[in-house]
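Colleague: In order, the protein sequences belong to chains A and B.
If you read the first sequence in this note's numbering, its first letter stands for residue 1, the second for the next number, and so on.
If you read the second sequence in this note's numbering, its first letter stands for residue 713, the second for the next number, and so on.
The hints are simulated quantities; they were obtained by calculation from the structure and are not laboratory data.
Please note that a few of the clues may not be correct.
Partial list, computed: chain B residues near chain A (C-beta under 7 Å) [unchecked claim]:
hint	residue
1	F780
2	T796
3	F800
4	L803
5	R806
6	K807
7	I873
8	R875
9	P879
10	I885
11	L887
12	V888
13	S896
14	F900
Every residue gets a Cβ at the ideal spot worked out from N, C-alpha and C, and that includes glycine.
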Amino acid sequence: MFIPAFVMLGIGFTSAVVLAVAAKVFHVEIDPRIAEIEDALPGANCGGCGYAGCSACAEGMATGAAPVTACVAGGEETCLAVAKIMGGEAGFVEPEIAHQYCKGGDRAERKYHYEGAVDCRAMAELYGGDLRCEYGCLGMGTCVTVCNFGALEMGDEGFPVVNPGNCVGCGACEKVCPTDVIKLYSITDRLLHFNHDEECLSPCKQLCPAQIDIPGYVDLASQGKLEEAVSLIKERNPLPLICGRVCPAPCENGCRRAAIEDEPVHHNYLKRYIADWDMALGKRKLPSVLPDTGKKVAIIGGGPCGLSAAYYLRRLGHSPTIFDSKPELGGMLRYGIPEYRLPKKVLDFEIQEILDLGVDVRCNAYLGQDLTIAQLEEEFDAVLMAMGAWDNSALGCDGEDLEGVWKGTEFLQKRELDIKVDLTGKKVVVVGGGNTAMDACRSSLRMGAAEVVLLYRRTRNEMPANKVEIDAAEHEGIQYHLLAAPTRLVGDDQGVVQQIEFIRMELGEPDASGRRRPVPVEGSETLMDVDVVIAAIGQKPLLDWYTDDLKERGLQLTRWNTIVSDDETLQSDVPHIFTGGDLWSGPALLVDAIGTGRRATRSIHRFLNGQDLTLPKGTFKGAEKIALSNEIAVLGVERLPQVPQPELEVEDRITNFEEVDLVLTPELVQQEANRCMRCGTICYFKDDQLKEHVEGKDARTTVDDLLSKSPV
Amino acid sequence: METDFFALIISAIFINNILLAKFLGNCPFLGVSKNMDTAVGMSAAVVFVLTLAGIITWVVDHYILATFKIEYIQTLAFILVIATLVQFVELFLRKSIPALYKSLGIFLPLITTNCAVLGTAIINIQEDFSLLETVVFSAASATGFGLALVLFAGIRERFEIARIPKPLEGTGIGLVTAGLLALSFFAFKGMI
Chain A
1 MFIPAFVMLG IGFTSAVVLA VAAKVFHVEI DPRIAEIEDA LPGANCGGCG
51 YAGCSACAEG MATGAAPVTA CVAGGEETCL AVAKIMGGEA GFVEPEIAHQ
101 YCKGGDRAER KYHYEGAVDC RAMAELYGGD LRCEYGCLGM GTCVTVCNFG
151 ALEMGDEGFP VVNPGNCVGC GACEKVCPTD VIKLYSITDR LLHFNHDEEC
201 LSPCKQLCPA QIDIPGYVDL ASQGKLEEAV SLIKERNPLP LICGRVCPAP
251 CENGCRRAAI EDEPVHHNYL KRYIADWDMA LGKRKLPSVL PDTGKKVAII
301 GGGPCGLSAA YYLRRLGHSP TIFDSKPELG GMLRYGIPEY RLPKKVLDFE
351 IQEILDLGVD VRCNAYLGQD LTIAQLEEEF DAVLMAMGAW DNSALGCDGE
401 DLEGVWKGTE FLQKRELDIK VDLTGKKVVV VGGGNTAMDA CRSSLRMGAA
451 EVVLLYRRTR NEMPANKVEI DAAEHEGIQY HLLAAPTRLV GDDQGVVQQI
501 EFIRMELGEP DASGRRRPVP VEGSETLMDV DVVIAAIGQK PLLDWYTDDL
551 KERGLQLTRW NTIVSDDETL QSDVPHIFTG GDLWSGPALL VDAIGTGRRA
601 TRSIHRFLNG QDLTLPKGTF KGAEKIALSN EIAVLGVERL PQVPQPELEV
651 EDRITNFEEV DLVLTPELVQ QEANRCMRCG TICYFKDDQL KEHVEGKDAR
701 TTVDDLLSKS PV
Chain B
713 METDFFALII SAIFINNILL AKFLGNCPFL GVSKNMDTAV GMSAAVVFVL
763 TLAGIITWVV DHYILATFKI EYIQTLAFIL VIATLVQFVE LFLRKSIPAL
813 YKSLGIFLPL ITTNCAVLGT AIINIQEDFS LLETVVFSAA SATGFGLALV
863 LFAGIRERFE IARIPKPLEG TGIGLVTAGL LALSFFAFKG MI
């Protein structure tokens, strides 16, 4: 009777002793905070943090392996409680939100019938994807099923829609998605993302140098979600008001409406409509800005590249300061583009938004005179050089120094700098075929010139100016002397230009730029009377800032006066000096400058954080074209002409600097946005589906329809 | 008596599989079989603990309980000993072999109350195994447990994307599958 009790007691006592000794011998210092942190956590064991339960996560937080914000279920309160236990401030960790980028568009034909599977992963395993497209959303809603927080639901069109308010960024949806169309993005990720060749990119999106999500904002515009459209555009382009007015829209060249010999969708006027709507609201809604990082960046040049970089750097929490040589910001936008194309109040409004984010500005600061790179380096962690291309190429013929011979950009900035120019009754000859030449022609006319002649050495087809500009200038009465080049300028006794001699040209073999080279016709010289000659035959960066000191430190120049820097990262040979805009590329489009501004921002941001700057393999730097995207036939789509662009009548506009192009009406916007075929890399809406979609019906077959049809 | 160790191992793994033939340790079988990584970790922990527990319970039985002729408190004594053992191993690993502790750590406390461990310890005594046979049989049984668990986890991972009738989702289909798996293991019965 007593023996078993005694033995059990003995075993129990021995066990206790062994464990007690073991606990002493094998004692491991356990952080008492782990238990406290575990109490503070919600105990949901959801696994969203990546740990196998709350206690494992608590241990991770205590050891520093996980940030105090690791708990995705607890939210801010939990984070603060944990931070308190850890005895420190909750360092800022950027939240991530799920984002589903596939917007669909029905593919040519459905390849497979469903055979009873109700899960995207099952479909992907059975057929390698495809209800609609092997790259896009399979639409079975597995991500919706796995979301524990009610942040996803199936939208009307059969795609999951993210409710950002509920999303805690646990990443469950990302894990189950077999086609990677739903992913977690932080604001930084979104602002610094560049197109990648594995993404579903419509041709227009591929061709935009700033990589704006064009189908995205066109879609939002067609649904009337203009506020969302504005913020979507501004993820890539902080200057939509300006861009919507002056961009020549290279994106429209890729539009697949061209495959059925139709006019492209007029993206740019849609963008302008969206941005104008935002401005007309009258209440400026600033985008989110991440907490201050304390890093300071000097931006030299307040043009589109500098403004774009300032906008994105500020949104990432850095403190940019823009230095500009002119009295006001805007660069070529203010001092190059005339009022009738880009009203200054629009420019001011857009620039003010960027400044309101907390960007410092020092105007009238000329690099090389008022400040030096060495001074900036003392105060700032990185420098972005984006001074543009302000030096005009010379005509290279006699008489260039005569009075009355002006340079394109110098002439254009006179009005903005309040320098009085009276051209009343005068005859003006503008040389060149680019946008500067067009602006000079049309501005001269508005300043009272009696006759304006444009000399261009090739034909109209080779003119680099925007087509709309060429047409509008002609409507306004500009005379085109094509295939003509100046050879000599003749002055009078006082050295004022009186005549211009030009020679006829004919087109020969194509040159390096692919345009046919103009060849002079011997003996065809002609003299023309003239009062003013404006030379607008190209620009290059000024070099007055380039000191020997910089040269010795390794900052090199190309033969086009641009700064030598890495093609991908825009980093110069001096690691903390970056470049962008025309100073890097040579004269290019506004939208190119905006794109390089963001690209430089990415490099600067990563440089300031000590990260690798190189772009991941397959990343598009700016506009690049995936070869296959235009080659797939577009069947079943009818031609629908572009909506007409409203503009001021010629007689109402040539006497003043009123804005010529007028904004579209909401009805026209709707009509134009619905012309978009919503192309992905290969997908599009056919017109019959488009019509159903426009009429508010679901153009897509729902999952339930398919299941009821499938031979289970 | 000469023991056929090969037969002992085959029998423990396949024919008398502790999960599928004896239905011991069903709790982790259903609990940690939804994910392959967890199943592998659990299997490793079971092999480790089961072998150790086999040895120590054999020693306790032969040198303490048998000495006092009180084998009838075997169950009580074994539970106490196994619980102590697992706690001890956990403490030991944490200090001495942190890497092993990291991979097995979270599974060790789960095994404290695993009936497969206690069951194997008792079988060892009932079958009157020698110490060597105990070690081999315990390790083989644990391997059989691991095999069944990993197979089952592989199948259950596929359930997530398969179309399963609503009422059977989750544990329901799990139990049906466990039954079918057991049935297939039944085919080993004629081998030895």
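Colleague: Now tell me, hint by hint, if it's right for this structure.
Modeller: Taking the hints in turn, this is what the structure says about them:
{"no.": "1", "hint": "F780", "result": "holds (5 Å)"}
{"no.": "2", "hint": "T796", "result": "holds (4 Å)"}
{"no.": "3", "hint": "F800", "result": "holds (5 Å)"}
{"no.": "4", "hint": "L803", "result": "holds (4 Å)"}
{"no.": "5", "hint": "R806", "result": "holds (5 Å)"}
{"no.": "6", "hint": "K807", "result": "holds (4 Å)"}
{"no.": "7", "hint": "I873", "result": "holds (4 Å)"}
{"no.": "8", "hint": "R875", "result": "holds (5 Å)"}
{"no.": "9", "hint": "P879", "result": "violated (16 Å)"}
{"no.": "10", "hint": "I885", "result": "violated (15 Å)"}
{"no.": "11", "hint": "L887", "result": "violated (22 Å)"}
{"no.": "12", "hint": "V888", "result": "violated (18 Å)"}
{"no.": "13", "hint": "S896", "result": "violated (24 Å)"}
{"no.": "14", "hint": "F900", "result": "violated (31 Å)"}
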